[in-house]
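Protein chains in written order, with our numbering: chain C, 1 to 121; chain G, 1 to 107.
Since the hints were made in silico from the structure, they are not lab data. Please note: incorrect hints may appear among the correct ones.
As the list claims (entries may be wrong) - What follows is a set of in silico ranges between Cβ atoms, one per label pair, in the way DEER data are often shown:
hint, chain 1, residue 1, chain 2, residue 2, range
1, G, P40, C, A64, 22 to 32 Å
2, G, T5, C, V5, 26 to 36 Å
3, C, S25, G, S14, 35 to 45 Å
Even glycine gets a Cβ: it sits at the ideal position worked out from N, Cα and C.
One-letter residues, chain by chain:
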Amino acid sequence: EVQLVESGGGLVQPGGSLKLSCAASGFTFSDSAIHWVRQASGKGLEWVGRITEKIHNYGTAFGASVKGRFIMSRDDSKNMAYLQMSSLETEDTAVYFCARAIPGTTFVEYWGQGTLVTVSS
Amino acid sequence: DIQMTQSPSSVSASVGDRVTITCRASQGVRNSLAWHQQKPGKAPRLLIFSASRLQSGVPSRFSGSGSETDFTLTISSLQPEDFATYYCQQSATVPITFGQGTRLEIK
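Okay, chain G solo, but in the shape it has when bound (with noise of 0.2 Å):
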């Protein structure tokens, strides 16, 4: 299986700032992968797929670059609203596997 793997695990940042989040797979998974936004009580929505492809409705200071083994997701000025956990998934292969999760609090 591929192992996907976030960092950090946790971030602290503030309204205006820059943020950026990697995630690691333990092979190569091309450009297939995705970056989703979870809210708590609430079901992840899609952000990013192919890697850089900003899904429909959301903001543009979301972004996403990277291939095969590295990739980012970077928001450029926070919004309160994009306070919530952020998970990267492959999905080059089955099993699809996700990372463990970035949580994006408020500094």
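Just chain C, with the same shape it has in the complex (with noise of 0.2 Å):
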């Protein structure tokens, strides 16, 4: 079974920095890209960005709304993504899923059930 887990979330102040993680399990993790979604409370999805796999040489991609303040890696021996966010401002807060795509593709397709960050001081 397909299972991703984030963890990481928190409070915490505007200015400030977090690390998030997604464990995953139940599939070959070096052969899926992983991609990061955010949703501020009532709110639609937002595209954060996501990193590729090794065959695509990690490559990273982010939605402008993060880029310069946010990066994505990931270690495939543990079969970890991590989203370290820095300079965080309040329209940061959000719950923050992972998730994977469909391999080859760039379709997310599962997803795990989230973090919630929030920016406040």
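Both chains are given apart, each in its own frame, so use the hints to dock them into the complex.
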């Protein structure tokens, strides 16, 4: 069974940093790109970014609202993906989901349950 | 960035009804279009990818069609568990973008 479990969310002050983790199981992690998507309370889905598989050189891409502030990484030996967030703003408050893409595509397939990040003073 | 616009934003329907949701892209995305279903407090669930391919385990009452800029999601006969919010998503280019969502409510 495919599982993705996010952790690391919490309360952080504006301007602060936070690192989210995504633990994957039930599939060949190294074969899948990993996406991060967020959802503010009562709002729609916003794509944060993605990191590709090794075969595509672990390439990263980000949405405009987080570019330059967020970094994605992965450790295929541990089946883990990470989202390092810095210079956090109140507008970054949301539930953050990690998700795997269908191998060989950019379609988001399986989603984790999400972790809540609250940016507030 | 490619803008995705869904219509309607919300729709009320009854069990057994046929419902169609549309998604329009601001520029052509070929068939790089997916549909996700989300229930309150839950993670989204992939229903359709490549515009018309049914994800494994998804009931056949769900279907998708379209290409380039105009897409539709159809639910042929609504079931109680189908009341949820539906999002389209283009994967043709980064940044990947979602529609604003269509809330399907019980009439």
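Evaluated hints:
no.	hint	result
1	G/P40 - C/A64: 22 to 32 Å	28 Å, holds
2	G/T5 - C/V5: 26 to 36 Å	33 Å, holds
3	C/S25 - G/S14: 35 to 45 Å	40 Å, holds
Checked against the numbered hints listed earlier, the structure breaks none of them; every hint is satisfied.
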